[in-house]
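Protein chains: 2
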Amino acid sequence: MRRQPLLVNAGRLRETLDTFAQIGGTDNNGVTRLALTKEDILARDTFRACCEEIGMTVESDDMGNVCATLAGVQDAPPIVMGSHLDSVKKGGRFDGVLGVIAGLEVVRTLIEHEVKPCFPITIVNFTNEEGARFEPSMMASGVLSGKFEKSSMLNKTDSEGVSFEAALKASGYEGSIANRIAEATAYLELHIEQGPCLDQEGLSIGVVECVVGMVCYEIEITGESNHAGTTPMTMRKDAFFEANDRVSELRRQLDLLGDGELVYTMGRVQVYPNIHTVIPNKVVFTIEARHKNEDILREVERIIAGLNNGAGDGGCTIRISKLWSRNTVWFDPDLCSRIEQSARALGYSYRRMVSGAGHDAQFTASFLPSAMIFVPSVNGKSHCEEELTPYEDCAKGANVLLETVMAILD
Amino acid sequence: MRRQPLLVNAGRLRETLDTFAQIGGTDNNGVTRLALTKEDILARDTFRACCEEIGMTVESDDMGNVCATLAGVQDAPPIVMGSHLDSVKKGGRFDGVLGVIAGLEVVRTLIEHEVKPCFPITIVNFTNEEGARFEPSMMASGVLSGKFEKSSMLNKTDSEGVSFEAALKASGYEGSIANRIAEATAYLELHIEQGPCLDQEGLSIGVVECVVGMVCYEIEITGESNHAGTTPMTMRKDAFFEANDRVSELRRQLDLLGDGELVYTMGRVQVYPNIHTVIPNKVVFTIEARHKNEDILREVERIIAGLNNGAGDGGCTIRISKLWSRNTVWFDPDLCSRIEQSARALGYSYRRMVSGAGHDAQFTASFLPSAMIFVPSVNGKSHCEEELTPYEDCAKGANVLLETVMAILD
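Just so you know, the protein sequences line up as chains A and B, in that order. Mapping to the numbering used here: the first sequence position 291 is 291, numbers consecutive. To get the numbering used here, take the position in the second sequence, counting from 1, and add 1000.
These aren't lab readings, by the way, just hints derived from the structure by calculation. Some hints could be false.
[As the list claims (entries may be wrong)] Listed below are the simulated BS3-like cross-link pairs for lysine-lysine, each with C-alpha atoms no more than 25 Å apart in a straight line:
hint, chain 1, residue 1, chain 2, residue 2
1, B, K1090, A, K282
2, B, K1147, B, K1169
3, B, K1089, A, K282
Working from the sequences, and respecting the hints, build out all of it.
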């Protein structure tokens, strides 16, 4: 006979979220909880106290990641839930913290219902996911996955010149390398979508199949500065007009690509010398594009390389530099199916989707079976004080997380 | 019987230009002689000494403009020649100074040839034409013409906080308001073109008919910032893409206007927040356009106003602000004809043209019969150390100036 899904205590989840929203809370309903600041440390202390109160064992590893573990009947690789407690400056009250607090709520619910899990259950708080104090983002999960070198991360400094290493030592959360998560039955990260899709489509749950691949280029167009009043149009090498034409052509070609899922952005644009009476002699802009299908990204790169075709016609030169790229990270297909089944069992509307943003799960996926659950972000807003996920959606996300854990335990 | 044209002493003109090029000379053959700095004062002292040496009377007015006058047989309004001795930072060796030194060479030649002019002959050095130390440019001629208010100009400060008034007093060149040029038989300004036309066309002399009118607008396009990875293309309000489309449309329409003489520039462009992973929420850019025909400028303004047609389709809003405009300043037609006749009499190639840049003559034109003579700028370069006008072209310009003065005296 089919087991009836357990449900979390939605009121308690909300109260706990509200408690954490006070830690580093801003005047406009957001939070500022930069990694390893006193606000982040208070959030960690609060998290630790909550976990210890229900009999979990709390330990830190050498990157300051905090793991709270409920012993299992068997000494097997744990089921891990988690995300991060740090935030950007004037960020929202849901990004990251939801995945940690929902993990706590799942364990509280298991204990309340006297579920004796066969595997240990661990809740993890990854250090410095946002990278808002110490770049890069997802620093600690990056070190665990081998993506980043630990010694180089320890030397990263914040805007005041404080090193990550010094901040970590001062926090009291530097632990042993032996406490790193090295294996798991599953890593499950509940997170807000940070995009508008679920909200716009009126869906409750996103079953995240992957973190999309990405390419990022810098384009530099060089022309010639001259006096805006004395140089006839036909004798100009206007780098801004050349950039205008090239951007139009790039957009035209990119818009023909793919299945409507390609996103691309030219977010950083600088014009030189940037004086209204002087013809621009240089424009530098970035273009980054993301798609789950790497063949499409190769097409994007081919189109960008094509910028040089016909260059020089307007007298300008074009330099194309690849800044970086990352491959698509696919989550564990079995876990994705389990999450989908959980949403269905709970009667929640859902869809499979991709993550356009980076998350700790994209690094854990290289050494732990990993998957993510998304809940809606109202108007797609995130990394700002207006960030909002209705409490009922938070609870639905936590229920899917719980149901997925239960399914794995079954 | 037709008088044979007098010619200046080209070697002496060159030597004098070279002497002044040493004053504030830079390592790369340019000059830095910001208004009322010690370099500018040394240039003034040198100019004064040269003029006094040949029997001219040198006086300053209340804006520090220096007038050197050779008495005429009659006490009539003088024929005035001149320009400015100040330069921009790392400017060239010809801009401004040529018009003053050529005036000096004309007077030296008149004296050498024992010409007794019926009118007084005055050489003027206008203070702070460049506006590189104290904004605005053409400050002193602007005050004389009533375009700028003197008290407000005196309060202008340089980047160190020194006021124009303090710098003027310290220079020793503050004189009496009674010494202002109030009337003249003619004001003739020889200047480098600062554009590429004469050089490209292989012509020696430009007969300048006007300083073109100009309009300058600032366009602000506001969209919405969102995460570059999580926001589908169809849900974006990308201010940069909207700006890209609007700039293309503006260019398309402006390129259909007029007679090929319209110039327009979008020189200042700022994109916000200017982060490669964030969709731009604001783009601010300037557009300035210049043409002698004010009807064409009205068309330009109509096209710019049309930016708002269809605004909002892409979800962005557009704000259009007029920063300023100036009308076309037409020079004295009789003087233009005399200059043209002088070039022809000397057998120099020439053409009538407009000035796209501003000059003191555009302000004197409101109260003195004024005109300008242009000589070529190699590759149109100016306001930079590479600025170059071949000495033979400088001499040709001075000969046209001399011949025009002679024609007026005839």
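Tell me the numbers of any earlier hints that the structure contravenes, in ascending order.
Hint check: nothing fails, all pass.
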